[in-house]
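Peer 1: Below are the chains, spelled out letter by letter.
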Amino acid sequence: MSVSSEQKVEQEVAGPAPHAPAVGGTSWWKDEAQEPLRRNLGLVGVLLALFAIGAYIRPDLYSDADWVVNNIMVILTQAAAIGVVTVGMTFVIIGGGIDLSVGALIALSGVWATTLATQSFGPVGMIFTAVAVGIGAGLVNGALIAYGRLVPFIATLAMLVAARGLAAQISGKQTQISADQFINSLATTRIGGIPLLVIILLVVAGLGWVLLNRTTFGRRTVAIGGNAEAARLAGINVRGHTMLLYALSGLCCGIAAIMLTSLATSSQAAAAELYELDAIAAAIIGGTLLSGGRGTIVGSLFGVIVFSAITNLFAIANLPTEVQNMVKGAIIVVAVLLQQVRFSSITQFARRHGLTRAKPQT
Amino acid sequence: MSVSSEQKVEQEVAGPAPHAPAVGGTSWWKDEAQEPLRRNLGLVGVLLALFAIGAYIRPDLYSDADWVVNNIMVILTQAAAIGVVTVGMTFVIIGGGIDLSVGALIALSGVWATTLATQSFGPVGMIFTAVAVGIGAGLVNGALIAYGRLVPFIATLAMLVAARGLAAQISGKQTQISADQFINSLATTRIGGIPLLVIILLVVAGLGWVLLNRTTFGRRTVAIGGNAEAARLAGINVRGHTMLLYALSGLCCGIAAIMLTSLATSSQAAAAELYELDAIAAAIIGGTLLSGGRGTIVGSLFGVIVFSAITNLFAIANLPTEVQNMVKGAIIVVAVLLQQVRFSSITQFARRHGLTRAKPQT
Amino acid sequence: TSNEQTPTPAQTKGADTENPNTAAGKAVTIGFSAPAADHGWIAAITNNAKAQAGAYKDVTFKQVEAGKDAAAQRAALDTLIAEKPDVIVLLPHDGKELNAFGLKAMEAGIPVVNLDRAFPDALAYRLQIKGDNYGMGVAAGHYIGKALKAKNVASPIIGEIAGMDELELTQERSAGFKAALATYGFTVANRRAARFTADSGQKEAQNLLQALPKIDAVWNHDDDQGIGVLAAITAANRSEFFMVGGAGSKKAIEDIAADKTVLKATVTYSPSMASSAISLARLIAQGRGMSDLVELQVPKEVILASETITKENASTYLKLGF
Amino acid sequence: MSEQPVAAAEAGAGEVVLRLSGVVKTFPGVRALDGVELEVRAGEVHCLLGQNGAGKSTLIKVLAGVHRPDEGDVQWLGEQVAFSGPQAAMKAGIATIYQELDLVDYLSVAENIYLGHEPRSLGFVHRGQAARQARELLGRLGHGEIPAHRLVKSLPAAGKQIVSMARALSHSAKLIIMDEPSAVLAHDEVGNLFRIIRELTAQGIAVVYISHRLEEIREIGDRVTVLKDGRTSAVNLPARTTPTRDLVSRMTGRSIEYVFPPRPDTEPGEKLLEVRGLGRSGEFTGVDLDVHSGEIVGIAGLVGSGRSELLETVFGARQAEAGTVVMDGRGLPPGNVAAAVRAGLGMAPEERKSQALLLGQPIYRNMTLTNFSSYATAGFTDTGKEQAEAMRVANQLELRPRDVRRAVRTLSGGNQQKVVVGRWLLGGTRLLLLDEPTRGVDVGARAELYQVIRDLAANGVGVLLVSSEVPEVLGLSDRVLVMREGRVVRTAPATELSEEDVLDLVMAGSLTAATTEEVAA
Ligand SMILES: Nc1ncnc2c1ncn2[C@@H]1O[C@H](COP(=O)(O)OP(=O)(O)OP(=O)(O)O)[C@@H](O)[C@H]1O
Ligand SMILES: Nc1ncnc2c1ncn2[C@@H]1O[C@H](COP(=O)(O)OP(=O)(O)OP(=O)(O)O)[C@@H](O)[C@H]1O
Ligand SMILES: [Mg+2]
Ligand SMILES: [Mg+2]
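Chains as they are written, first to last, in the numbering used here: chain A, 1 to 362; chain B, 363 to 724; chain C, 725 to 1046; chain D, 1047 to 1567.
Just so you know, the hints here were simulated from the structure itself, not pulled from any lab data.
EDC-like mimics (lysine to aspartate or glutamate), calculated; alpha carbons at most 20 Å apart, straight line:
hint, chain 1, residue 1, chain 2, residue 2
1, C, 902, C, 940
2, C, 808, B, 422
3, C, 938, A, 60
4, C, 750, C, 782
5, C, 786, B, 422
6, C, 774, C, 810
7, D, 1274, D, 1292
8, C, 974, C, 1031
9, D, 1274, D, 1494
10, C, 792, B, 635
11, C, 808, B, 426
12, D, 1220, D, 1061
13, C, 854, C, 1025
14, D, 1317, D, 1334
15, C, 792, A, 273
16, C, 938, A, 64
17, A, 328, B, 635
18, D, 1137, D, 1164
19, C, 808, B, 428
20, C, 938, A, 66
Computed beta-carbon distance windows for the label pairs:
hint, chain 1, residue 1, chain 2, residue 2, range
21, C, 877, A, 67, 19 to 27 Å
22, D, 1119, B, 490, 51 to 59 Å
23, B, 553, A, 116, 52 to 60 Å
24, C, 1026, B, 556, 36 to 44 Å
Here chain A is said to cover these stretches of chain D; the calculated rule only asks that three of the stretch's residues, wherever they fall, bring their Cβ under 8 Å from a Cβ of chain A:
hint, region
25, 1392 to 1404
26, 1407 to 1419
Fair warning: this is a prediction, and the values are worked out from it, not measured in the lab.
Quick reminder that beta carbons are idealized off the backbone N, C-alpha and C, glycines included.
Turn these sequences into a full structure, and let the hints steer you where they fit.
Peer 2: As structure tokens, then:
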């Protein structure tokens, strides 16, 4: 019962037993296996709906194909940094943890990479610094959790606070300008019409997908998040792996820090505000179970893009901040509800109300 | 068994199996039932340590008994509003959920209660409004989670965003001044030398304790969070109960909103920023299991007071913010580690290092 | 906005033998509190105050950090009162939320100098020195209005990138901007609110540019977030419009002087007011007036005019950039 | 669908309290119940038999109001009923002990017993009354020593089972359903359970009893209904007189001899495992034992005698506080499971759900959990190979259903157990630690499992087996260790011990035994 009950708590507190999907379908495991797909289709539906709303509000813009393509690139560019972070976050959550420190780690990595001293080492030095700082801080998170036995929430919250403090200390609370042309040009470079940052996101997500679905590392992650005790008794080094998961998240923060630095041609201690909430929300909307053991990279990616598309649409519709927030809350709710729509439940509804006369068979 | 595996994930990722219960009922330190007590003692230790540090840094202030008493009142007053919220949060978390919307609900309740229209109904009208808004929004959270089957994280995140937006809309993003003398005087009233707000906190916590430990509501909350399936099989109305839990949290937000309004003699849409993180952190530090099914009100109260005392000490030591943050991160880690110290592990350590006779090897 | 951490000496008033106010007086303790700095302007406020206090031999400077919100600041100020300073200079998180503290301190006989965020209650402060948020918006509005009128643009498309929207000062700036534009018959086509950080400025600007394929002018409230705004504009290769900044950071003034970007002007909201606040607080504590004025005491209210920095006068303002 | 069931075997039985006919329950793609008939009389013990996955648990969940039947009639006390939920069934007088322990860890024993129907007024729980009544119930169950205020989390599996039983008794029910209650009970506890059941039936309460142990059916049952693939294959057979062959063939469709595979004559090989002076305070002390290649060593003992802890310590899942574990002449570091696995050890733990299974994951991933890296090339997994290997083991163990891509969560209890054991058949395990490997496994599969274990031994694998079923320990093992209160009190070849010897050994001086005897007397 162990995991499943927790699952229920997370997923559908209070709901009746979790089953009840398609009856009469073929072999039902297929249905289960298709769940991520169904969820992703739900998110694609949300994206299409957002597009349709945009087209309705601003037909002038949406009728211009160039503009549309460019706008998609803008949406993706804005999804890039947070998307990379969400890939790392997805691993951490699937592995049964959570990382509240990602926003702070981006700020710390970015600030550290843009000190005058670091900048003097050129772009390689800056990138190396950002990534090393991210991984280092991630390892501290991992060590506190795996060996210090701190709850992930508390350990990474402590890191959040401390890393923002350290970033402020290093930067003297100033916005540090990146004078490095190479770094700054990352945000403006396009390859085959596609912004480099978007390509980085896709590469990171692609590698993440392979890592999660095709390697022993990914398999261990799922196992540990699904049932840490079972994983341990199966001989998996749960602690060591937990360290690696947080280091991976830190690495993603380091990469995102460079991306954000390039976009803003600067870095500061207050950067990447509340990225942790966005990344967690994107992962969950994408179908990752907050209690661990289940999740997909593709879903997380869609989650990030949905959030990015919402912000974009708000700008295009010129909504005031307060209305934006109210609508955003509603969209989140609708997006999640939409993913739960199942054809089977429609069928069931029909049957229960005598609209069809069904007789499920073996 | 259900919770235990999840617990392991949360509590001690990868750690060896939790200590087996004491046989022969010897040392009560090993006894599970005493664990909350041990944790709370750990937190008291942290408080004493903070006091000692303060006394070391500023002997001039700490040698003045009046000042010390007054300072304790200041610490408690500052813990009051967030403490009330944490009581509600503790219930929600024990029940297997989480409420990210508390800060936003405080802002919404406060803003709603301080509109000119509401203020015209006098203090009763204001208090009623704040509480009603809190409960109403809590019920929406609960309905989304229990009946809409949204993950609590997402549902309350959506509420966070939407409630802040609505509060901004209502207040026109202005800070709304409370002209009501009664409300404003709450913060300055003392009864028997104890600030009224502190008394409110103690009353709320006391009621919370009774509710959790002595009523069917509380015991069922533990059951739902610990093993939702078992609770359902025992005939508990899990959904209805979940609704009530979020409504309770909303109620606490309404009360806290009045307290904050009184302290600030005003209210605004940006009030109570990030209270959700503070409340969750306080509950967890106090021994509440983030995955549900375990937690104590007293522990949460201590958690809140520790955070409040840390902030107070920072002000007394006059640390710059960035150093504050770094130190705060470290204190959180130490506080949690301190709670895990067990005499048994010290004994074991001694034994392992041959300080006492024993022989594990090879 | 720079990688150096010390304030430019130009933002403080050094010893000036000509000025009788600088003559040493009775030794005073000035308590100071400002919110935790998370961006350049606030950081400059604190640094300026510290530097200005350091310039007076008769001033002891006691600073308490204000923490992350009004509640935390109240707590910090309570400990400050215990130190019994002669005067308190205070930049509150929110003037209304800290009004009660002002009253309390004044009642306790400690004059309060409110820096920038006004207390609603006149009894809560001895001196109020602040920038003019509404006036800042007005200045930006007039600059843009005039420039567009000069270019004969009939119905111009104007964008606005505001700062943190939940702050009242942002609302005031936007209100002033709107009012000034209205005198020309112009309106804002799209308004985005960023978070005073470069990365949020970049993001909002990028979206604004998407929403408005053709723009005539943009006002960005804050030069710090403006770094990101400019980055977004450069990345999008847009140059059909001009931009006005806000606050007056060093980098912005340099950019205006160099005239290589769309940034053509910035309207000031200078953190130098912190230096002035310290100077005036010292005089208040010492019971002296301002030597140039007839009055024997420091006046009750000083509101800085928002000045407009353009390529023409950039060189004179450069020393005031933060 | 109301075909008249065979007339009751015995005269004098009470009136019919429960009658099911044509009950159908479908899960997505699975027809778990496919026209079930059942008739239960007041005061009888009605046994349900069936292979793993036959639908027994599903049937009782229908009775308990957890599932709603898709089709069919449920008549309770002569009236047609459709329970809206567990609460409704309980109100109507049906109490259930579920197969999966359904307790809340951080509630006390008394609170668990009265969860959902607490003695209360105005929402306040009468704690004293609850504790008093709980103590009474526990006393009735012969376990007055379990403190009512103790957290359930701190109880061992058997203690939890007793709390579950107390919970069922706490409803004044007319029908009590017990889904494999004896699975986690030791021998003496089962006797105790039967005493309770007799008390209940004497008061006219009907009991539906599910177990895979036929000898229990013989001892306690009145009538038997057999399920096969969701259908009733026989109703109301007399429990005591129906020949085993009959029962088995109605369950499985074939006849299986319920016997242990013969021991080979060959001498065991070289020494694999050498444990010396192993101890953990409060659990067990000074344990010495050896396991040789090709040898099956069984450990017998009462619940709580520390066998599970011993196994876990040998495996490194618990940190040894004293003593050494040597595998192949090389010492294992204490508290390091990974090292133990590398050295060739494998363990099927006692609590499969919390300790062994990834419930949401497919069967094959659960089976390959220990060795998926060995199918991987350069860190890349090979799921095709994994599935093929898992399929092989699934066939060997007669897993039902055979589809290894299915999530483990949806398997019946016994089949889940097979997955746990199957895991260690895949790797190159050289020493297998089995903790209650046949718990909840049906007769047919049990025979398969015995054969598999014996085959493993024949291939040179050493096996260390813990079981609460004394016949199993004696029948399967080559050598037997008897544990009492954390110490090994006897080691002997299995052939030199009888069931009575073992029982005498484990009971002697045992506190539990004393109380049990007193109560029984
Ligand atoms: N929630 C569910 N979703 C899908 N299939 C299920 C579910 N519960 C049970 N099943 C399937 O229904 C069938 C009957 O299962 P059930 O648990 O009733 O078997 P059982 O007779 O109790 O077996 P065991 O002796 O192993 O406990 C099995 O094939 C099982 O896989
Ligand atoms: N009725 C009981 N009440 C409280 N504690 C008990 C009870 N029975 C056993 N224990 C404790 O539980 C621990 C071991 O129980 P456990 O059931 O795991 O032992 P075991 O020998 O493996 O038995 P089994 O495998 O049959 O469950 C011991 O420390 C024992 O003191
Ligand atoms: Mg079953
Ligand atoms: Mg055991």
